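> So the chains spell out like this:
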Amino acid sequence: MKVIFLFRKAPYGSVNDVEGFRLCTAFAAMEIDTNAIFIDDGVFVALRGQDPKGIGLPPIDAAYKKLVSLNVKLYILEEALKERGISKENLIDIEYKLINRSELAKLISESDFTLSF
Amino acid sequence: MGKLAIYITSGPYSLQNSDTVYQLAKTALDKGHEVIGIYEQVDGVYNFNKNITPLAEEDRNIAKQLEELAKLGVKLKACPVCASYRGVQSEDLLVEGATYEGLGAVADLVLECDRFVSLGY
Numbered sequence: 002m003k004v005i006f007l008f009r010k011a012p013y014g015s016v017n018d019v020e021g022f023r024l025c026t027a028f029a030a031m032e033i034d035t036n037a038i039f040i041d042d043g044v045f046v047a048l049r050g051q052d053p054k055g056i057g058l059p060p061i062d063a064a065y066k067k068l069v070s071l072n073v074k075l076y077i078l079e080e081a082l083k084e085r086g087i088s089k090e091n092l093i094d095i096e097y098k099l100i101n102r103s104e105l106a107k108l109i110s111e112s113d114f115t116l117s118f
Numbered sequence: 026m027g028k029l030a031i032y033i034t035s036g037p038y039s040l041q042n043s044d045t046v047y048q049l050a051k052t053a054l055d056k057g058h059e060v061i062g063i064y065e066q067v068d069g070v071y072n073f074n075k076n077i078t079p080l081a082e083e084d085r086n087i088a089k090q091l092e093e094l095a096k097l098g099v100k101l102k103a104c105p106v107c108a109s110y111r112g113v114q115s116e117d118l119l120v121e122g123a124t125y126e127g128l129g130a131v132a133d134l135v136l137e138c139d140r141f142v143s144l145g146y
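Here the protein sequences line up with chains A and B, keeping their order. Take the position in the first sequence, starting the count at 1, then add 1; the result is the number in the working numbering. Take the position in the second sequence, starting the count at 1, then add 25; the result is the number in the working numbering.
Extracted from the complex, chain B is given alone in its bound form:
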């Protein structure tokens, strides 16, 4: 079984990327692979915002989906510099299990994983 790491630079509800992150990670876990981490840079930092509130009841909550992954042992990390530039630097805004950590964390993921999936614009 392999070790998967995912990296994303786009925000929620704009591209399919955030949904792909969740579905890919979930499917990999279901198939018995390890998802060692998800790192969010640039607008990706918004995906971990616990205040995300879709107004349509049937719509998926991207932050909650990622939180679900964290509960399954996936490490969620986001860039503190990007967060600061976007005014969401308070860790109180993050879903449970997510933290801010510098870009060296991306290098750590690359060094540890078997497959690295990068999603952006």
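Chain A on its own, in the form it takes in the complex:
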């Protein structure tokens, strides 16, 4: 069983990323082959140096670092970074693989389930 979580939205503006993260954690804890892919505005989750204290929220990047310790494989869509002017130096120090759109399509087609947040 291979499951993909697609993260498509920027953090803080909606609860999507937080809830998707929680579900992703639950799957990984059950030793399911769990993969998290950041596409579209979802790539903002992986930005370095997030400091949302001013709006009363904890930084989400710390949470995502936990996924690696649960053996969740992380992928970031390279085109989405380029479209938003984000370079690799801007990303959090975390183990991930950069993929392009055709690799994304392949990953999705090889998975049993894809959940989109």
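Just to be clear, a hint being listed does not mean it is correct.
As the list claims (entries may be wrong) - Label pairs and their computed distance ranges (CB to CB): (1) B:Q41 - A:A106: 27 to 35 Å; (2) A:E111 - B:K28: 16 to 24 Å; (3) B:T45 - A:S103: 28 to 36 Å.
These are calculated hints, taken from the structure and not from any lab test. In this text the structure is predicted, and so the values were computed from the model without any measurement. For glycine and all other residues, C-beta sits at the position ideal for the given N, C-alpha and C.
With chain A fixed as given, assemble chain B onto it according to the hints.
Relative to chain A, chain B alone:
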């Protein structure tokens, strides 16, 4: 015949999702499929609230519709953390047949079903 599982993150009377959940599950059951469970996360937890009272008489009662599914053997589960964040953590507020259970229950549905339908924003 297949095993269907449904997952929803939106609340009642805001998007068509809650109606789709009921109609899809009902139709699947009518056609002889099994609906192994409906899981509600985020604002979805409100769909199981037994105090839902549509003021227009002709309007459908989404909570009652889901309760009807539970009576047909569909397991209704909702996220206790989401419920707590929304102040509806008391199981007394849930329609008959619905319970709170952690997110591992979603993984269980995914592992058991043939088709998983996810509805959200």
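> Each hint should be assessed against the structure and marked as holding or not.
Going down the list of hints, with the structure as the test:
For the pair B:Q41 and A:A106, the supplied restraint of 27 to 35 Å holds, since their beta-carbon distance comes to about 28 Å. For the hinted restraint 16 to 24 Å between A:E111 and B:K28, the CB-CB distance of approximately 22 Å keeps it satisfied. At about 32 Å, the CB distance of B:T45 to A:S103 agrees with the hint of 28 to 36 Å.
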